[in-house]
Amino acid sequence: MTGWLRAHVGAARAAGATARAAPLSTLLSVLALAAALVLPVAAYAVLDGLTRIAARFDTDSQIALYLLPGADARSREALERSLRARPGIKSVRTITREQALAELEATEGVRDLLAGLAGNPLPDTIVVRPAARSRDALAMLKSELARLPGVASAQGDAAWVERLDAIARTGTMLIGALAALLGVAVVAVTFNTIRLQVLTRRDEIDIAALVGATTAWLRRPFLYFGMLQGAAAGLVATAIGAVLLWVANARLGDTLTSFGAGATIPTMTLQLALTVVLASAFLGWLGAWLSLGSGRI
Amino acid sequence: MAASIQFQSVIKRYPGTAAGTPPALDGASFDVEPGEFVYLTGPSGAGKSTVFRLLAAIERPSGGLVLVNKQNVGGLPRASVPFLRRNLGLVLQDARLLADRGVFDNVLLPLAVAGVEPREAARRVRAALDKVGMADRERALPASLSGGEQQRVCIARAVVARPSLLLADEPTANLDAVNADRVLELFAAFHAVGVTVLLATHDEALMARHPGRRLALDRGRVVPTEAAA
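These protein sequence lines map, in sequence, to chains A and B. Quick note: the first sequence uses this note's numbering, first residue 1, plus one each step. Quick note: the second sequence uses this note's numbering, first residue 1001, plus one each step.
One should not assume that every hint holds.
Computed footprint of chain A on chain B, listed as stretches where at least three residues anywhere in the stretch have a Cβ under 8 Å from a Cβ of chain A [stated by the list, open to error]: (1) 1085 to 1094; (2) 1112 to 1118.
Quick partial rundown of chain B residues pointing at chain A, CB under 7 Å, derived from the structure [to be verified]: (3) Pro-1082; (4) Leu-1098; (5) Leu-1109.
Hints were generated in silico from the structure; no laboratory data involved. All of these numbers come straight from a predicted model, not from anything done at the bench. Where is the CB? At the ideal position from N, CA and C, for every residue including glycine.
Between the sequences and the hints, there should be enough to build the whole structure, so can you do that?
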C-alpha cells in the first residue's frame, strides 16, 4: 500500500473509530441530517412521478384553422396537402362543418339551441398538431398559418402544455430552493459536529502537530467523518423516502390506475438514491472543511 | 547526522505584553555544536521555554535569527514546519500524552504522521520502549503510569523517529531524584550515539551528576553561568 493510500485508509478508520466512540450522538446527528434531506428527496420523486404520469396523456398542443365560409372541398384538400408537406407539422386532421355540427348535436342541451338556427353556422376546420412545443414556436406557426389563403382565423391550444410546464417549472424551482435551504442545514449541522470534535480533541491535535503532523494529516479524519456522516444521512433519507413513496403508491394505487394502466408514483430510483448519497456526502465534507477552516487547523 | 543550533541576537516579544515589559528573549546569542550535550539553565522567566518554542517553530522570533542546521527556522513557511519537527525530539515538562491511547499508540504517533510503514513502525516503537524500559507496559493507558514512567514514554516518543536533535524542557521537574537520574541516563545514552541534546533544568545536583556544557539565561539574555543562579 502506498503512503498516500495508507494515510487515507488510516484517516477513514480514525473517522469510523470516532463514530463508534460516540454511537448515540453519531446516530442522532445522522437522523437529524436525514430528516432534513428526506423532504426534498420525496418531493422530487413525487414531482418526477407526476411528470411521468402527465407524459402518458396526449399533451400535444394543437392549432385549429377555421376556413373561410363557402370554401369548397378541393381548396380544403389542397390546403390540407400543403400543410402535410410543411416541415414542423406532426399531423393534420380535417373536421368538416357537417362533422362538427353532428358532434355538437350529440352534445346534451345543444341540439335545441341548434334547431333554432337557419343553417349550419360552423366552418370547416383543419386541426394541426405542431412538432414544436415551445410557446414562441407555437405562436410563430399560428401567425404563419393564419395568413394562408382560405384560412379565416387560427386558434392555438397550448394552454394545457403551458400550464403543465409552468407547474413543473414552479415545482422544480420550489424543490431546488428547499433542497438548497436544507443543504445549508446539513452543512451547518456538520459544521457544529466537527467544531465540537475539534474542541474535545484539541490536545490530540496539538500533540500530533508537535511531532510533525501536517495540516492535511490533521484535517483528514475530520473531513472523512463529515463525508461519511453525510453519506450515511443520505442513505437513511433515501430509505425513508423509498418507504414513504411505497406507502403513497399503496394508498393512491386505485386513483392513479384510473389515469391509465400502470400509472403510479415511481419508487426511489437507483439514480436518485445515488445522487442523494453523493450530494449529502459532499455537503458533509463541505461542512467539515468550513469548520476546520474556522477552527484554525 | 547530529544537528547544530545557532541563536543570533534573538528577540522574542509576545503579543499583548504591557509596554515597558522586557521581552522574553532580549538579544540572546549562542551556539550548540553538532553532537553536544548542553544544559540550558536560569531562573523562572529567564526565557528557557521560549528558546524551545522558537526551535520547534511554535513561535517566531520578533528579531534576530534562529538556525537549526543552518536553516532559518523563523523564516520557514508554515507548510515546512511539520518536516522540521519530524527531525526534532521534543520532551516537555508536563508529559503530554494522549489519555485515551495506550503507551504503544502514543509512541507510534510521530511515525504515523510521517507515514512509516506499519510493520517497520511497530518494530521501531518496541525498540524505543525497550530502550526506555517500558516494553512491558505498551498496552497501559497514561493514567495508570507514574510520573517517571510517563516521562519515559515521552522520551520514547521523542526518539522513535530517530531525530538528530533532542530538546527537553525541564523533563525532570516533576520527578524524584531516582527517576530524574534514570531520565538523564536515557538522554546521555542518546547523546552517546551522536544526538545533539539541549536540556533545560535548574537542578544543580542533577547537572553535577551528569556532565554537560552549561548555557545560562537571565531575563532573556545569555549570561555567564554563575550569574544565572
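Taking the hints in turn, this is what the structure says about them:
no., hint, result
1, 1085 to 1094, "holds (count 3)"
2, 1112 to 1118, "holds (count 6)"
3, Pro-1082, "holds (5 Å)"
4, Leu-1098, "holds (6 Å)"
5, Leu-1109, "holds (5 Å)"
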